[in-house]
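Q: Based on these hints, arrange chain G on the given structure of chain Z.
Residue numbers (my numbering), protein chains in the order written: chain Z, 289 to 405; chain G, 1082 to 1305.
By construction, these hints were calculated from the structure, which means they are not laboratory data. For clarity, every value in this text was computed on a predicted model and none was experimentally measured. Don't be surprised by glycine CBs; every beta carbon is placed ideally from N, CA and C. Mixed in with the good hints there might be a few duds.
Said to hold, decoys possible - With a straight-line cut-off of 30 Å between C-alpha atoms, the simulated DSS-like cross-links for lysine-lysine are:
no.	chain 1	residue 1	chain 2	residue 2
1	G	Lys1181	G	Lys1130
2	G	Lys1144	G	Lys1304
3	G	Lys1286	Z	Lys326
4	G	Lys1130	Z	Lys300
5	G	Lys1286	G	Lys1275
6	G	Lys1290	Z	Lys326
7	G	Lys1188	Z	Lys326
As the list claims (entries may be wrong) - Anything over 10 Å on all C-beta distances counts as not near chain Z; from chain G, calculated:
no.	residue
8	Gln1174
9	Ile1187
10	Pro1197
11	Val1201
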Amino acid sequence: MEPIQIERVQEKLDSFVNRDVYIHIETTNGAYASHFDKSSYNVGAYVRNASIAFNQAKIVGDGHSYRVGLKMDKGWIYAEGLTDWTMHNGNQLLMAGHDREGRLMVALQISETPFDY
Amino acid sequence: MESHVVVIFPHPDDESFGTAGTIAKFREEGVPVTYLCGTLGEMGRNMGKPTFANRETLPQIRKQELIDACNVLDIDLHMLGYRDKTMEYEDRQEVAQHIKQYIEDIKPSLVITHYPGYAVHPDHNAMGAAAIEAIRMIDEAERPTVWTHAIANNRVDVLGEPDVTFDVLPWFDKKMEAVLAHASQAGGMLERFKSYEGPSADEKKAAQKRLGREQYYIWDFNKA
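Looking at chain G on its own, in the form it has when it is part of the complex:
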């Protein structure tokens, strides 16, 4: 059993869309989970549906949504204070040092982050790379296991099948509750899933198809 799980992603809602089922499973087992969230998603395009946010009100709205989602998932939250869409321009080593302080303090047995280069959004790739760099700097004997989340359409072709697969349907209601806590963002995304299934699609079924499985590649620190 894990002693503590740390999730490292750049945006409020990455934790809910990407790993909420996994998180809910760990919490059910009594494993503490901490989310290190890089930014407040200040540059999000979704402003609610119908729109209720604007570029200047969005950061505070998303901050509250993030706090609410973390309460739903019953996890600790640290906001790292970077700005949305700029993670890749930050000094990689500085971000890694910043993350490393949290890892050394929390001493997790498992870290979940994005698979650098296969996580589509530049912030995902940059934060995943910084997180992996942070853990690489830790003595091998002390290093937590790292699970990386890949999103790119070509991930299976290039990386092969993921090492870890969770069917999260038993925790799906909890996951949806966390996703929906991100009210400014969820509407647009759920609508998109529904559009893939055609006009008569059921929203929950469409979401289950897209969000019902959470998969990870175990990072190998000995490769390259």
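Chain Z with its partners taken away, still in its complex shape:
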């Protein structure tokens, strides 16, 4: 992956508007968070291959860390803390936020074909 270039990611987001797409969204601080640090909590959420459509998409950020919001007919999807992006297999938009050790903290991925189970 490479650091997010806001214009290029916005362009890719726009290409998915009003199409039936599959979404992968996750956030996690790892299964060992409270094992290594008693004061921290294990939290995470994960959705893979939910089928959705959005009519508006926007990426916002400060040049390092970005937020992406997708507006649907009846709701919203957003992810915060995204730092890197890539196109996987040419047509799957992958966005992720990594910590300073390079560990994934959050991911938002959009594709017209399902992600491999």
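A: Structure of chain G alone, referenced to chain Z:
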């Protein structure tokens, strides 16, 4: 002497961090070892350091790392095809039946798995529980011995001292070679060990301190 050892863990790298020294010792004695690996660690957070994997490329990368590590350790490998972080949501009995087929086929004298409830990661706990359930279903006379690996910080307080302790320093280079085969995962973990010892710490010494001993509790099928 053992006739065949089967190791049952959910993730590529559990075998290397947790039991590679024990495995190397058995292989040196000529004992066949088979690893039943539950998932491909698809949901790992470590993407290499610097990052070279992403969520979609990680499964194939970890699959190759697993194959490489098993070649380093000279052991057979079966990948069971579950998905990382979902083991505890699978039907326990189904997973146990799946594992039982391998056990009945291989007929090991010893099985190594995680200590359910004391193995920290939900996949560890779920797979350990399924493995123990699989072996419980086997006739007592045919049952292999089961060694369970506990990780929880409170393990000694609650469970007492482990029944089996291996000083694996004689096989430590082999263990590190297996650990390092998991290139996408090893960097983050070794760095963590080093951070515990302070900035001037030697990476190998720090790793020896954390990985130089492998301990197990012998499972008692008569308890509860």
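Q: Compare the structure with each hint and give your call.
A: Structure-based check of all given hints:
1. Lys1181(G) with Lys1130(G): Violated, at roughly 38 Å.
2. Lys1144(G) with Lys1304(G): This hinted pair is violated, its Cα atoms lying about 37 Å apart.
3. Lys1286(G) with Lys326(Z): holds (25 Å)
4. Lys1130(G) with Lys300(Z): Holds: Lys1130(G) and Lys300(Z) sit about 28 Å apart, inside 30 Å.
5. Lys1286(G) with Lys1275(G): holds (9 Å)
6. Lys1290(G) with Lys326(Z): Holds: Lys1290(G) and Lys326(Z) sit about 21 Å apart, inside 30 Å.
7. Lys1188(G) with Lys326(Z): This hinted pair is violated, its Cα atoms lying about 41 Å apart.
8. Gln1174: holds (22 Å)
9. Ile1187: holds (28 Å)
10. Pro1197: holds (15 Å)
11. Val1201: violated (5 Å)
Hints 1, 2, 7, 11 from the list above are not met by this structure, while the remaining hints are.
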